[in-house]
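There are 2 protein chains.
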Amino acid sequence: MSDSHPLLAELAAMLDPAGILTGQATEGYMIDGRRRYHGHNLAVIRPRSTEETAAVVKACARHKVSMVPQGGNTSLCGAATPDESGHSVVISMERMNRVLSVDEGNNTITAEAGAIIADLQAAALNAKRLFPADWGAKGSARVGGALGTNAGGLNVLRYGNMRELTLGLEVVLADGRVWNGLRGLRKDNTGYDLKQLFIASEGTLGIITRATFKLFPLPTAQSTALIPVADPQGAVNLLRGLQHELGDRVTSFELISRRCWELLAQYCPELPKPFAELPAWTVLAEVSDGGSDELLLDKFAEALVALSYADNALVAQSRSDAADFWALREAIPEAQKRKGVSIKQDIGVPTSAFPQFLTEAQAALRAGFGEADIIAFGHLGDGNLHYNVFLSDVSNGVYAHEARINDIVYEIVQRHSGTISAEHGIGQLKRNLLPHYRSDVEMSLMHQIKQTLDPDNLMNPGKLLAD
Amino acid sequence: MSDSHPLLAELAAMLDPAGILTGQATEGYMIDGRRRYHGHNLAVIRPRSTEETAAVVKACARHKVSMVPQGGNTSLCGAATPDESGHSVVISMERMNRVLSVDEGNNTITAEAGAIIADLQAAALNAKRLFPADWGAKGSARVGGALGTNAGGLNVLRYGNMRELTLGLEVVLADGRVWNGLRGLRKDNTGYDLKQLFIASEGTLGIITRATFKLFPLPTAQSTALIPVADPQGAVNLLRGLQHELGDRVTSFELISRRCWELLAQYCPELPKPFAELPAWTVLAEVSDGGSDELLLDKFAEALVALSYADNALVAQSRSDAADFWALREAIPEAQKRKGVSIKQDIGVPTSAFPQFLTEAQAALRAGFGEADIIAFGHLGDGNLHYNVFLSDVSNGVYAHEARINDIVYEIVQRHSGTISAEHGIGQLKRNLLPHYRSDVEMSLMHQIKQTLDPDNLMNPGKLLAD
Numbered sequence: 001m002s003d004s005h006p007l008l009a010e011l012a013a014m015l016d017p018a019g020i021l022t023g024q025a026t027e028g029y030m031i032d033g034r035r036r037y038h039g040h041n042l043a044v045i046r047p048r049s050t051e052e053t054a055a056v057v058k059a060c061a062r063h064k065v066s067m068v069p070q071g072g073n074t075s076l077c078g079a080a081t082p083d084e085s086g087h088s089v090v091i092s093m094e095r096m097n098r099v100l101s102v103d104e105g106n107n108t109i110t111a112e113a114g115a116i117i118a119d120l121q122a123a124a125l126n127a128k129r130l131f132p133a134d135w136g137a138k139g140s141a142r143v144g145g146a147l148g149t150n151a152g153g154l155n156v157l158r159y160g161n162m163r164e165l166t167l168g169l170e171v172v173l174a175d176g177r178v179w180n181g182l183r184g185l186r187k188d189n190t191g192y193d194l195k196q197l198f199i200a201s202e203g204t205l206g207i208i209t210r211a212t213f214k215l216f217p218l219p220t221a222q223s224t225a226l227i228p229v230a231d232p233q234g235a236v237n238l239l240r241g242l243q244h245e246l247g248d249r250v251t252s253f254e255l256i257s258r259r260c261w262e263l264l265a266q267y268c269p270e271l272p273k274p275f276a277e278l279p280a281w282t283v284l285a286e287v288s289d290g291g292s293d294e295l296l297l298d299k300f301a302e303a304l305v306a307l308s309y310a311d312n313a314l315v316a317q318s319r320s321d322a323a324d325f326w327a328l329r330e331a332i333p334e335a336q337k338r339k340g341v342s343i344k345q346d347i348g349v350p351t352s353a354f355p356q357f358l359t360e361a362q363a364a365l366r367a368g369f370g371e372a373d374i375i376a377f378g379h380l381g382d383g384n385l386h387y388n389v390f391l392s393d394v395s396n397g398v399y400a401h402e403a404r405i406n407d408i409v410y411e412i413v414q415r416h417s418g419t420i421s422a423e424h425g426i427g428q429l430k431r432n433l434l435p436h437y438r439s440d441v442e443m444s445l446m447h448q449i450k451q452t453l454d455p456d457n458l459m460n461p462g463k464l465l466a467d
Numbered sequence: 001m002s003d004s005h006p007l008l009a010e011l012a013a014m015l016d017p018a019g020i021l022t023g024q025a026t027e028g029y030m031i032d033g034r035r036r037y038h039g040h041n042l043a044v045i046r047p048r049s050t051e052e053t054a055a056v057v058k059a060c061a062r063h064k065v066s067m068v069p070q071g072g073n074t075s076l077c078g079a080a081t082p083d084e085s086g087h088s089v090v091i092s093m094e095r096m097n098r099v100l101s102v103d104e105g106n107n108t109i110t111a112e113a114g115a116i117i118a119d120l121q122a123a124a125l126n127a128k129r130l131f132p133a134d135w136g137a138k139g140s141a142r143v144g145g146a147l148g149t150n151a152g153g154l155n156v157l158r159y160g161n162m163r164e165l166t167l168g169l170e171v172v173l174a175d176g177r178v179w180n181g182l183r184g185l186r187k188d189n190t191g192y193d194l195k196q197l198f199i200a201s202e203g204t205l206g207i208i209t210r211a212t213f214k215l216f217p218l219p220t221a222q223s224t225a226l227i228p229v230a231d232p233q234g235a236v237n238l239l240r241g242l243q244h245e246l247g248d249r250v251t252s253f254e255l256i257s258r259r260c261w262e263l264l265a266q267y268c269p270e271l272p273k274p275f276a277e278l279p280a281w282t283v284l285a286e287v288s289d290g291g292s293d294e295l296l297l298d299k300f301a302e303a304l305v306a307l308s309y310a311d312n313a314l315v316a317q318s319r320s321d322a323a324d325f326w327a328l329r330e331a332i333p334e335a336q337k338r339k340g341v342s343i344k345q346d347i348g349v350p351t352s353a354f355p356q357f358l359t360e361a362q363a364a365l366r367a368g369f370g371e372a373d374i375i376a377f378g379h380l381g382d383g384n385l386h387y388n389v390f391l392s393d394v395s396n397g398v399y400a401h402e403a404r405i406n407d408i409v410y411e412i413v414q415r416h417s418g419t420i421s422a423e424h425g426i427g428q429l430k431r432n433l434l435p436h437y438r439s440d441v442e443m444s445l446m447h448q449i450k451q452t453l454d455p456d457n458l459m460n461p462g463k464l465l466a467d
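Protein chains in written order, with my numbering: chain A, 1 to 467; chain B, 1 to 467.
Heads up, none of these hints are tricks.
Since copy identity is lost for identical chains, a pair holds within one copy or between any two.
The calculated SDA-like cross-link candidates involving lysine to any residue, where the alpha carbons are at most 20 Å apart (straight line), are:
1) K128 to R240
2) K58 to S444
3) K299 to Q317
4) K128 to S352
5) K58 to V441
6) K344 to N396
Hints were generated in silico from the structure; no laboratory data involved. Every value quoted in this text rests on a predicted model; they were computed, and no experiment measured them.
Please build the complete structure, drawing on both the sequences and the hints.
Written out as structure tokens, the structure is:
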């Protein structure tokens, strides 16, 4: 059926042969990274330029065919997977993958939407600059998707997430017009800041084609430590204490619960075991600066002494030690995967509310599910934890209990003025939950904006907002 | 006539007597800070709470009376002055002036829209934190206006402008509904980031009533220097060099042209004269860090040596020296005022393009106006200069030549992908210019958003967008 859609002939006439995939060639584009969603499509379109993207969007809009923008296909919420109707086209940006320029005097980098995050990091490094966006999927995640979800990651504490790195965007709108807001200005108060609308809109308002980002001075020194703390309040105190002592040298501040260490020992036994006796809670902190590692290490160690956290802290004595510490932190998702399927949450509350959130959420889950095995870890410095729950009784499938676990955890998140999605976005996964945790006024504003910019609901329908 | 408007009786019934001003009592609210615009009004309304603000907006909306939100009335573009019709009410936020809370664990501060910027600075300092928003009018500028114009100032290089400091907003929408987005989260990817729309919207989409901002570790050390450079390219090189050596310790980087020194000598003779021989261009750089002034001074001096800028640099040996340097920089606007009226521009280009912009703009102005006296200074580190022009022949009034001077300068700005308003906003002053320097697509997107959120054009009409 799909082959006969008149849109395809039109698209074939405007693109090179590799610009349209159909049938089996589209399979890899149809399943999300967590393998939770499986969609169907009319075709996968792979434009090579802004002009081609605009022409494709115009044709789709004329035929009222909906479009699903896709980057590296690393969404954790199914934001880039089409629905099962088979009536949409996926627009993959993978052929617009160039880093276009680095402006050293302006400290900026410009890239196409399909450029891979790690390639921007490398181009910046080559100019002795830092492009700070960094997370596990950096080798496959692409600029457009990272912007669409306003991706966070490991350096948000110091540098902000994708939104805060972005100076300018070029976007193909839902009707195929091109908005060129690709400016490299740090200050520009000429009206509504339109780029902000497209960041975190998950492709529902248009397709980002190019972006200009800030670059930063490259830190030459790093120092890293694993620091046991008695409880989450101790971690919050340590965070503010380190910031008081070291200012914005504190670039990462991750929290790891004891269960994470147990999980690593069991499922990733090949990894080193830094603690003979497992701490109830551990902070992985990294500080960065110019100058030498030795000088910074001294400063960091001094701060830990001043804050009375030096006794049990493991301070990396070399970059290789530091890499080992990070490997442990980064292996937690893999250890979870080896254990099985869990209910995953990506929640945020004000950092000051985390101690109470953790106490309340554990009590509530244990009350509802005595055997709930809670794996809590993540970016405490940003007020964001990954809060995952394994159940031992999964005879009806793991997801049978997902809704109830969500209810329990999100109610507590809501009470602390938090968020049900700190960094992963909404996608399909949380689209029906969102209206429960955002006010009617907020939801109606979002629908008004969607309606204004995409009146025919052709841009990634069914993502972020329920139809 | 105005006294008889039925809206006023309604408002009188819902507010305390001090909540409505009419007649002579409203005069101070009718003239902008630069005394360029003089408006008329039906009344000045002064709500004390979000609820009162919402009730006032609902009543105005019902009567189709337009509303002009006003904070500290320090706009440089007439954004807070009503038009001359006398048909609008000014809604002054001056009675909602409380700093509501400082959350030390979350590193945030929450304030009402009428709170004065200096009061937020003081409350942060009291908690050993930094609220970095800072500019000349900090003692009278209020939160709502600062957000409405996305104000910048002296610390943008390191901390960003108001937008980047903002975590959450509460807004009364044009129809009187209240959107409570007053969240203190550093990461929150739950859909369109609505607060971004209201920041820099100059009161045209709603009235901000409360805001939550980031706080930062308080720097304890500062070091300041006046550094002569041969030309603007030398200043850009110095900026990147200092950032390479000192990272984000570089918190201010201001450029001052020779004409500024001459102006200060002539019109502010009471101020010290740091240079016997006036440099063609001077950078005022400040670095900040934890630790002691002495340590930082050593580091700063070392960096200047490494970059070969130490020979002519005047490095402040004390806080009092530093205050003197800043007093010079901050007196430039006053010296200009004493000289007379100038055509003022608040332009931005990518920092790397400034050297060329300055060369081209001077040549073009001299070609058009041989006697053009150009006073250029400002936030080079942010890619933003104040670029002001005095003409000797002002027999037809200074502003007779404004349009032509704008044309000349803005054409060059545009060619370098810059902005006609880096930090002051659009207001009335540049409303008719904006469509010349932003694309039709961009203007139409702005109008679409305005139409969606304020269909009756009641919120600050005639500001930012021409009707």
